[in-house]
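Produce the entire structure from the sequences given, and follow the hints as far as they go.
Numbering (full-length UniProt numbering), first residue to last: 1 to 295.
Treat the hints as calculated values from the structure; they're not laboratory data. Given the structure is predicted, the values throughout are model-derived calculations rather than measurements. We put the CB at the ideal spot given by N, CA and C, even for glycine. A couple of the hints might just be wrong.
What the hints assert, rightly or not - The calculated label-pair distances, taken between Cβ atoms and stated as ranges, are:
| id | residue 1 | residue 2 | range |
| --- | --- | --- | --- |
| 1 | Phe-250 | Lys-192 | 50 to 56 angstroms |
| 2 | Lys-22 | Ala-186 | 35 to 41 angstroms |
| 3 | Ala-186 | Asn-49 | 53 to 59 angstroms |
| 4 | Gly-213 | Leu-117 | 27 to 33 angstroms |
| 5 | Asp-26 | Glu-203 | 26 to 32 angstroms |
| 6 | Ala-186 | Thr-221 | 20 to 26 angstroms |
As the list claims (entries may be wrong) - With a straight-line Cα cutoff of 30 angstroms, these simulated BS3-like cross-link-like pairs (lysine-lysine) come out:
| id | residue 1 | residue 2 |
| --- | --- | --- |
| 7 | Lys-111 | Lys-22 |
| 8 | Lys-55 | Lys-69 |
| 9 | Lys-209 | Lys-130 |
| 10 | Lys-22 | Lys-48 |
| 11 | Lys-135 | Lys-209 |
| 12 | Lys-58 | Lys-22 |
| 13 | Lys-130 | Lys-70 |
| 14 | Lys-192 | Lys-164 |
| 15 | Lys-58 | Lys-70 |
| 16 | Lys-209 | Lys-125 |
| 17 | Lys-164 | Lys-125 |
| 18 | Lys-111 | Lys-48 |
| 19 | Lys-209 | Lys-58 |
| 20 | Lys-22 | Lys-70 |
| 21 | Lys-135 | Lys-176 |
| 22 | Lys-48 | Lys-69 |
| 23 | Lys-164 | Lys-111 |
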Amino acid sequence: MTTSCEQSNMGGYFNVLAVILKTTNDAPWANEFESIELSCLIESISTKNPRIEWKKIKDGEPSYVYFEKKISGDLEGRAMIREPATLVITNATRSDSASYRCEVSAQTDLKSFDEILINLVVRVKPVVPKCAVPKSVPVGTAAELRCVEDQGFPKSQYQWFRNKEEIPDDPKTSPKFINSSYTLNAETGTLKFSAVRMNDSAEYFCRAKNDAGHSECGPQTMEIYDINIARIILGVLVVVLLCITVGLCFAYKRGYFASQKQTGNNYKAPAKGEGVDYVRAEDEGDFRHKSSFVI
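Next up, the structure:
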């Protein structure tokens, strides 16, 4: 853009001024609660009292933050104008991340209007992340450690530490971790072991970080314990045999294993009652009786 428009008239030249804006930084950033300057400089103008306005554009919706020489909207009480048109936010918050448009109107200039767009990013330090570390894991099994933080801006990246020593993203890059079978995702904060080893027993903690700073959770211990399969099987067999033995002894004492049984061979005929004779029927395996009366 040029600061003047040259035209010829009868072999001579004259300048026609126009309002022209510029900025020293069209993509500034600040940490939360710090001050930030959105520079809007008037490079060329002929009008003495131009109209200056600032608008905040977020999610495609514009709103006034400086109108009729007053700070308004959510910047009221924590922003000011530095002459002639620079906007200074004295206490930036995460909600201030947006696009800001400086507009200048100059009625007596032939080019009477100009604007400039500035994109502001307010960086937010991560809060203490929530960490989940399993307390005990059998050797040779999988384990997952999780770390989550959702307040930081830009989005947090994650680091894991074992006994205060940073765990590398790739175990092959460190002699201390080269035999470990894990994957670390710095974007999601997960540390996954496909098969833990005994020397993975340690204190673990996670750090969430971005350009504004970092925060850490407290250390948590993950214990790896050995499982002896042979001992477990032997223990189970001992318990089963003990239960069987106790059950047999109990059944024997209760008389469930009596040695005599009532069968046809050892059946004893009941004693004859007085006046009753018993005879065996040939076609029956039982006794019948006949009555006799003694007078």
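Could you work out which of the previously given hints the structure breaks and list their numbers from low to high?
5, 13, 23
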